[in-house]
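Student: Fit chain B to the supplied structure of chain A, relying on the hints for placement.
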Amino acid sequence: MLKVALSGLRTNKVRLALTSIAIIIGVAFVAGSFVLTDTISARFDALLGDISAGTDVYVRGMDPDFGNDFGQLIVSMPEETLDDVLEVDGVAAAEATVDGIAQVIGTDGEPLGGQGPPTLATSWVANEQLSSLRIKEGNGRAPEGPGEVVLDVGTAESAGFTVGDEIGIVFNGPVETYRLVGLASFGDEDNLAGATLAVFDIRESQRALDLEGRISSIAVAAAPDVTADELVARIDPVLPDMAMAITVADANAEQSEEISQALGFLTIGLLAFAAIAVFVGAFIISNTFRIIIAQRTRELALLRAIGATGSQVTRMVVVEALIIALVSSAIGVIIGIGLAVMLQVFLRSIGFGLPEGPLTVLPRTIIVGMLVGVIVTVVSSILPARKAARIPPVAAMSEVLSTPTRKSLRTRAIWGLAILAVGVVSLGVGLFLSVSNAIWFVAIGALTVFIGVSILAPLFAGPITSVLGWPLPKLFGVPGTLAKQNTQRQPRRTASTASALMIGVALVVFVAIFGASIKTSVASALGDVFGADLTISSSNFATGVSPRFTEELRAAPEIGEVSALGFTQAKVEDEVYTVTAIEPATISGLIAVGVSDEDLADMAASDGLLISVAEPDYESWIGRTVPVEMPNGVTAPGTIVGTFDVENFGAFFITRERYATGFETVSDSLVVARAADGVSVADAQAAAIEVATPYPSLEVQTTSEVLADAEMQIDQLLAIFSALLGLAIIIAVLGITNTLALSIIERTREIGLLRAIGMVRRQVRRMIRWEAVIIAVFGAILGIGTGILLGWAVVRSLADQGLETFTVPFGQLFVYIVIAAVAGVIAAIYPARRAAKLNILEAISYE
Amino acid sequence: MSDTAVRVSDAVKTYGEGEAAVTALRGVTADFAAGRFTAIMGPSGSGKSTLLHCMAGLDSLNSGTVHLGETELGSLSDKDLTILRRDQVGFVFQAFNLVSTLSAQDNILLPLAIAGEKPDQEWYDEVIEAVGLGDRLTHRPSELSGGQQQRVAAARALVTRPKIVFADEPSGNLDSRSGAELLDFMRHAVDNFGQTIVMVTHDPFAASHADRVIFLDDGHIVSELHDPSAEEILDMMKTLGD
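Quick mapping for you: the protein sequence lines, in order, are chains A and B.
Taking the working numbering, the leading residue of the first sequence gets 1, the next gets one more, and so forth.
Taking the working numbering, the leading residue of the second sequence gets 1, the next gets one more, and so forth.
Okay, chain A solo, but in the shape it has when bound (with noise of 0.2 Å):
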């Protein structure tokens, strides 16, 4: 029987072909996202190994209550700390650093970086044993006191910049200049991940960042005799509060995490999108054996005519699906090691720098994309292949070439109903009740309603396609007629083509909705919220907005009421809070907090705290006076007065009082200003403008370029995503193409026929068009009408987190339409060129 089977892949060649493609794209991305992800995490491994070989011990500022969320929230410690750590018994060296936050100003005077990877400031370790950095060989030489800076190799290279320049270094305040000495690496790197790296002497890093007589980190490296746990009990107890010592080893492994951690929205994405990219293969796999094994009919019968049980049969169409899978997913497995370099390429081309290295390919990666492959492919046949053991020997010597044993209507349509409640049940459960792994019932809802809408799909198949292919024999004549009537000869066969297009552009659907949903909540969320006319903040989130330059801003004559607000983080009664530090004298009129006036007023006369109504039992706080904990460690009482009522701003409301004692170094997160009576809002902007031109990273935007920057940035990401949907699309089309390709095979007599009486090529090229555009636009609205279902759903769900809107692009979705049927023209264009050139007197006599 396997020689059989073999053959009979032989003879399927192209078909078969075509159906791997999904296979193989569905493996690819599950292998790929493996080894760039096991990629990134052994470099990164490697990386942090190698620059920390020399110590052994870290103290840092830091309280492990609080997260490390905020770039504000590395705290210092008093210098003196690095000598009560040298006296240690089992220190052998230690040196401290001054850590912060600092931006490079490229040649063209913007700031490098910010959006993205850190960028960050330290002070130069001289001893070798503990520090990360070298001068790279030729490259200059350590910064040696004010004035001086050395950058790591990469960023100065991806600026311009070489030993002897002089460039410009914003921290807190306006830019100041230095001179550059040196070029650093990180082991044998260049740059670590795309951050950028002022060293300075740790005197400058002290006065620069504003943190004379602290410091941020101590290196140690222990005595030969003691281990580094040993030396972290050791150093623990003459630490401050606001620091702790941990081993290297420790805080490498945390590192990876927060690395790993960071990959994972990158993991979860490309494994998603590999399981649609299967999802939709398994469609396609499975209607293309179940055209194949109708096409086969009659060697089926025959070989069980000759003896073969039905066991057999089945056994010979899994064969035949077992070696696809084996030989594709092997290729899926070597494309998506391709895909894994090309990801890398890309995510250093938005800045994401990887160290470089081996890719690392593990056993599991293999293991699984096989698994996958084989897993999917198999069981995509074994319904065919059952279906193929149901074929009576006597169909070998009957007329009737396939017969279609179609299950009766009303049990599918029982069927299709009980699964697709299912679905809805499932989804509904994952968004509306609160369960543990929500997501995995919206997935597996959304899956099991894709596999209802499919089981339905037959039944709908005649009558839509009916409507859609109403005006073609109108326009076309004779090939529009025939094209309408070939879509409806197999209903099931159009619909499950049309149902594997059907998935991917319902979850494109479902992205525009949400997209579109979000955008009109934003806006009317932001239009509500904020009454200010500009809004100024910082291009880079860990430097904030500079209090110099607010009170700047105050003093200029075009601005009226100006507002600093600061987000961080607090320890309110033993509990660790997003907090929202707000200047209650200044505020109302320019955010709509939703606090009275008298809260604000007892808030600002008693340093109070106001509680979110969203909290739950705010109302038990009020009238309390708690400890309020800082991130660096700076506890006060506060009295809860009010509440307030907005969204996104946290759970307290603090004083800008309160929020200066928390930082060495203060910053504002965001600063709210409106015009001054009778001038413009533009006059305004270009005050604004004016004054924060010494601050290069201050933006000042009118409130209607933050709507127009939050839409844009929600349209970036829409975008990126329907782009990566596209691909399931993609694979869609191709199944449109496969079963065409195996319907024309069917069909070959009758085209010869109707070449014979006189269509020309033409006729036949736009008859086949006309049925794939068919089968496109039937799977786009099948698509539309679920993804707006699903669409719907999460938006409903997520209306008590500020999703108030639903909001259905109608234009998109017609856009989409057309998209479908352009691709149905796309798909139809290789079989149609085939049924052209069928040769007329094979073709009438083809068997």
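Hints are supplied without guarantee of correctness; some may be wrong.
What the hints assert, rightly or not - Stretch by stretch, here's where chain A covers chain B in the computed footprint (C-beta under 8 Å, at least three residues): (1) 15 to 27; (2) 94 to 102; (3) 111 to 119.
Claimed, not checked - Which chain A residues face chain B? A few, computed with CB under 8 Å, are given here: (4) Ala272; (5) Leu482; (6) Met759.
For the record, the hints were derived by calculation from the structure and aren't laboratory data.
All of these numbers come straight from a predicted model, not from anything done at the bench.
All C-beta atoms in this analysis are idealised placements derived from N, C-alpha and C, irrespective of residue type, glycine included.
Tutor: For chain B alone, kept in the frame of chain A given last:
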């Protein structure tokens, strides 16, 4: 009725190349008179089907010419040949003559529809009347008997008023009664409508409906009979040693 509908001169047709080459026609010259019913007979491999295909513009000759009326087929492009078949030639094949998604009536009108032309109602009615399908015109091919399907094909071949109808074993798949009905209809078309028909067959009974029978053997015309009976044809076949 002495006009020539088709003229074949020195037709040579070879399939394949080199040692595997098979010569189907070795210099056939023949005239087919307009308004007559001609049958081409011969044993398997005698070249009779090849001759029909070449005359109908479905296949091309290696040398020699085919004139359909005044038109020399060898000089036509694929597109012109297709249009010539559509407008001037009718076909009846042995089987699978019909488009399964179209009704009998739509199948009959198919060549006109492909050309984007309206049927001549009077002529259409006359053909329909003669073909005798009555109320079955709205049925799909799968709902018709084999004989009915072949008669639909014959009606389709006539509906464009072609210069010539080519039939390739039209009754080959039919039982004798259905076959007789079809051949009677073709005979009727020649006698009453003045239609020219050329038919390839190996069935002496079918050939006996023709005005003239040409015998082919090994790519040559070896003999011909006029208004023959089935017995005369059978005798002739025996001498060819099929």
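Student: Any of the earlier hints contradicted here, and which numbers?
Tutor: The structure conflicts with hints 1 and 4, although it agrees with all the remaining ones.
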